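Trainee: Chain order of the listed sequences is A and B. This note's numbering puts the first residue of the first sequence at 889, with every later residue one more than the last. This note's numbering puts the first residue of the second sequence at 889, with every later residue one more than the last.
Hints are all accurate, no fakes.
Any copy, or any two copies together, can satisfy a pair, since identical chains are not distinguished.
Below, a list of computed lysine-lysine pairs in the DSS-like style, where the Cα atoms sit at most 27 Å apart: (1) Lys928 to Lys899; (2) Lys928 to Lys892; (3) Lys898 to Lys928.
I should point out that these hints are in silico values taken from the structure, not numbers from a laboratory. Source: prediction; values computed, not measured.
Here are the chains, one letter per residue:
2 protein chains.
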Amino acid sequence: MEVKINISLKKGVLDPQGRAVESALISLGYSEANNVRIGKQITLEIEAEDASRAQQRAARMCETLLANTVIEDYSIEIADPS
Amino acid sequence: MEVKINISLKKGVLDPQGRAVESALISLGYSEANNVRIGKQITLEIEAEDASRAQQRAARMCETLLANTVIEDYSIEIADPS
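So that you can see chain A by itself, here it is in the shape it has in the complex:
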């Protein structure tokens, strides 16, 4: 089952990488860009009987390894819930 995990910094957590990209965009002339935040998107395949089991295992992976839940939020999408 193909799973997409989006990991982003929580609101209120400073994002220096996003700030740097925003400054770069503005200095390149993209003055309409605002509030740039940079997160991770992890795609993986999980062998599981059904989508809810895959979702559960992905959440476990996030909690134990993929995300730092003190400062990051994650969301899980099952791409082909067949």
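Given the structure of chain A, go ahead and fit chain B onto it with the hints provided.
Mentor: Below, chain B alone, put in the same frame as chain A:
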């Protein structure tokens, strides 16, 4: 207009970070994880009259700064196409 940009390595491009995460997952007991790939998700606000204009500007930003189009693909989602 809120815009999400997903940047991922093209198929066939080696992803050492994904490999490392996959090994870590497997050694933590998640043997069902497979083919882990890691990309970036950039969220930003773009001031634009309409969604198609925002989409166009975002594509320009990807081409000139955000993505390395030699090895990366990008996709753009307009979150609130109001």
